[in-house]
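**Student:** Could you slot chain L onto chain W? The hints should help.
These protein sequences, in sequence, are chains W and L.
Heads up: the first sequence begins at 1 in the working numbering, then just goes up one per residue.
Heads up: the second sequence begins at 1001 in the working numbering, then just goes up one per residue.
Hints in this document: simulated from the structure, not taken from any laboratory.
The structure presented is a predicted model; accordingly, all values stated were derived computationally and were not measured.
Treat the hints with care, since some could be wrong.
Just a sample of chain L residues kept apart from chain W, beta carbon distances all over 10 Å, derived [claimed, not checked]:
no.	residue
1	A1060
2	Y1089
3	F1097
4	G1102
5	A1116
Across the chosen pairs, the derived CB separations fall in these ranges [unchecked claim]:
no.	chain 1	residue 1	chain 2	residue 2	range
6	W	E263	L	F1097	17 to 27 Å
7	L	L1108	W	G472	27 to 37 Å
8	W	R469	L	A1117	34 to 44 Å
9	L	G1071	W	A398	51 to 61 Å
10	W	W53	L	P1003	32 to 42 Å
11	W	W53	L	L1105	36 to 46 Å
For every residue, glycine included, the Cβ atom is placed at its ideal position computed from N, Cα and C.
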Amino acid sequence: MYLIVVPLIGALAAFLLPSDRPRPWIVAAFAVLHLVLAAAVTAEGETGLASDWFRFDALGRLVLIVVSSLFCICALYCIGYLRLRSNRPNRIFCTALLFFLAMTSLVALAQHLTILWVAMEATTLATAVLLYFNQNQRSLEATWKYLMIGSVGIALALLGTLFLAYGARLGLGEPTLLFSDLVKGAKHLPGAWVRTAFVFLLVGYGTKMGLAPLHTWKPDAYGEAPGVVGALLAGGMTTCAFLALLRVYRITDAAGQGVFARELLVVFGLLSMATAAAFMVGQRDFKRLLAYSSVEHMGILVLGIGLGGAGIFAALLHTVNNALTKGVLFLAAGNIHRAFKSKRLEDVTGALRRLPISAGLFLAGFFAITGSPPFGPFVSELSILTAAMDTRRYIVGALYLILLAVIFIGMGSTVLAVVQGEPPEDTEGRSFRESAFKTVPIIVSLALVVMMGVWIPSWILTLLHAAARLLGGS
Amino acid sequence: MPPIADSILILLLLTNFFILGTANLRSAIRGVALQGLLLGVLPFFVESHATVRLVLLVIATMAIKGVVIPGLLMKALRDVHIRHEVEPYLGFVPTLFLCAAGTALALLFADHLPLAAADRTGLFVPASLATLFSGFLGLTTRRKAISQVTGYLVLENGIYVFGLLLYQSMMVEVGVLLDLLVGIFVMGIVLNHIQREFSSLDTERLSRLRE
Chain W
1 MYLIVVPLIG
11 ALAAFLLPSD
21 RPRPWIVAAF
31 AVLHLVLAAA
41 VTAEGETGLA
51 SDWFRFDALG
61 RLVLIVVSSL
71 FCICALYCIG
81 YLRLRSNRPN
91 RIFCTALLFF
101 LAMTSLVALA
111 QHLTILWVAM
121 EATTLATAVL
131 LYFNQNQRSL
141 EATWKYLMIG
151 SVGIALALLG
161 TLFLAYGARL
171 GLGEPTLLFS
181 DLVKGAKHLP
191 GAWVRTAFVF
201 LLVGYGTKMG
211 LAPLHTWKPD
221 AYGEAPGVVG
231 ALLAGGMTTC
241 AFLALLRVYR
251 ITDAAGQGVF
261 ARELLVVFGL
271 LSMATAAAFM
281 VGQRDFKRLL
291 AYSSVEHMGI
301 LVLGIGLGGA
311 GIFAALLHTV
321 NNALTKGVLF
331 LAAGNIHRAF
341 KSKRLEDVTG
351 ALRRLPISAG
361 LFLAGFFAIT
371 GSPPFGPFVS
381 ELSILTAAMD
391 TRRYIVGALY
401 LILLAVIFIG
411 MGSTVLAVVQ
421 GEPPEDTEGR
431 SFRESAFKTV
441 PIIVSLALVV
451 MMGVWIPSWI
461 LTLLHAAARL
471 LGGS
Chain L
1001 MPPIADSILI
1011 LLLLTNFFIL
1021 GTANLRSAIR
1031 GVALQGLLLG
1041 VLPFFVESHA
1051 TVRLVLLVIA
1061 TMAIKGVVIP
1071 GLLMKALRDV
1081 HIRHEVEPYL
1091 GFVPTLFLCA
1101 AGTALALLFA
1111 DHLPLAAADR
1121 TGLFVPASLA
1131 TLFSGFLGLT
1141 TRRKAISQVT
1151 GYLVLENGIY
1161 VFGLLLYQSM
1171 MVEVGVLLDL
1181 LVGIFVMGIV
1191 LNHIQREFSS
1201 LDTERLSRLR
1211 E
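So here's chain W without its partners, still in its complex pose (with noise of 0.2 Å):
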């Protein structure tokens, strides 16, 4: 419980500290001592409070730990990118993001459908202020989709929610919302509600993980927030509507529903992927491109989970990978972005002689989400592939592997055209310096995501195997 009164003791800190220069400070303060917490609850296993509605089972310790940890990076990019924005007050924005820390880590705790729901909704009112940030007409277009879109899914999610406690009312004799009676009882549950809920819950926080053709939001609300922004929906907000994705998923899979809703989730990965290629290929505008690429790897989260077996490992082990890798391109990116003033490749051109560090760790960033060796999304991609073929499932297989192959000259054309070249001459941006604040943070992100490629710590694996026997998984 004290990871999320703790984060949210450090959002009323930072609400009521008078001084802007200090604030950021606060906020990565409370993150390091929030991934200092995480990690131990990691460490002690399965804990929580003594009653049924909160606990840190696999998944949420998974989920939990992942978040944290970017987040912790992202609140020490925060420093150098608040300093170079000090001339916007930065007081809401510092409290919605530690709001947004505690409301991420009771999604990970919640274990009552209702609760999770409360949760995710409280995300997407954070979410919404840290992308109002630079308060001018685009971000606030985005806001407004964003806000709209998001409203209607997170609704959704609420009519799936009750239909569940409808079915559940039917089937246990009484409407419980508790994961551990609905998995219990599961196989009571009528099934024609159970299907139902299904397709609604699948739909709202799919609309949240911006699933495709749910994604609309995306595009334009990670292009228009500030890099930090991005990396913590991309990573941070997107991993916890897929939590309780795969809540639901549990549950609909012990009531006996589960081919039903996998095949479900293979449509819905690889229309993902698709939309997201179609939308890469001359993509002129280098943020938008990190947003399907976001699209697309929420589609190989699904397409993993919808394979069943081996890819649900495959799936929760790309969960991490495409959380600290996402953290490496946007924060990446927001460099690029702030020194040449522009994210379109008009404008953009010789970033790695501009600024050798973030444009090399771009580079590098855009190598590791495509899946090339020696980083992690190379191995979990490389599982799912494996999944697919295990359960000879060839066909989609073989449209998994073509939809990368696009999807990776797609987006490298782009990213090879920021990097590569002459800078241009009249670059406003020469105050910009990749001060230590806003490239370390980088690093560090780039490296976890080495190390997930070379050698996973042993804990981790323990975690992913755990978390994956409870999805029915291996």
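**Tutor:** Chain L only, in chain W's frame:
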């Protein structure tokens, strides 16, 4: 389910048509307010004895859905001097036709759902589904930010009606609470800003970000 509850639900369905059919934003907001008041009466029919929770729920629903939110929308409408036409993407006649078709389908569909015996006779399930559908129509066929918000509120009202079937599990309260948060707190702020930045509440102006 007493017949009065069903009459109220039928009134609710009629307000759906009214909200979708009116060309005037002000009347659409009034329709939403009326829906809020109707929803406020409904809990009396799912719980027979007056508990503190029931009374609080009734008061909160009527106050929030019937007065506060419509009031804020009216205020937004007054403050920003926009024209009061609804300006739909889809004409009124096709919208109403779709709404009628949706309502009929909801009635048919509810018959096929495995429902508890007590819910089989009443109109709760079909009314909820039909209201959800109308909300969706309002949300997707309207151009102005305010009429999209009214569509969203109708959608939420449909969820509320379904939530009443699960009165024991406190889901209704969750719906009302977050109604307040989403519907108004944030959207209200954003509406204000849209006005300041664009001097109009037309979401069609929000079209700079595209491929």
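**Student:** Against this structure, judge whether each hint is valid.
**Tutor:** Evaluation of the provided hints:
| no. | hint | in the structure |
| --- | --- | --- |
| 1 | A1060 | holds, 17 Å |
| 2 | Y1089 | holds, 15 Å |
| 3 | F1097 | holds, 23 Å |
| 4 | G1102 | holds, 15 Å |
| 5 | A1116 | violated, 6 Å |
| 6 | W/E263 to L/F1097: 17 to 27 Å | violated, 34 Å |
| 7 | L/L1108 to W/G472: 27 to 37 Å | holds, 36 Å |
| 8 | W/R469 to L/A1117: 34 to 44 Å | holds, 39 Å |
| 9 | L/G1071 to W/A398: 51 to 61 Å | holds, 58 Å |
| 10 | W/W53 to L/P1003: 32 to 42 Å | holds, 39 Å |
| 11 | W/W53 to L/L1105: 36 to 46 Å | holds, 38 Å |
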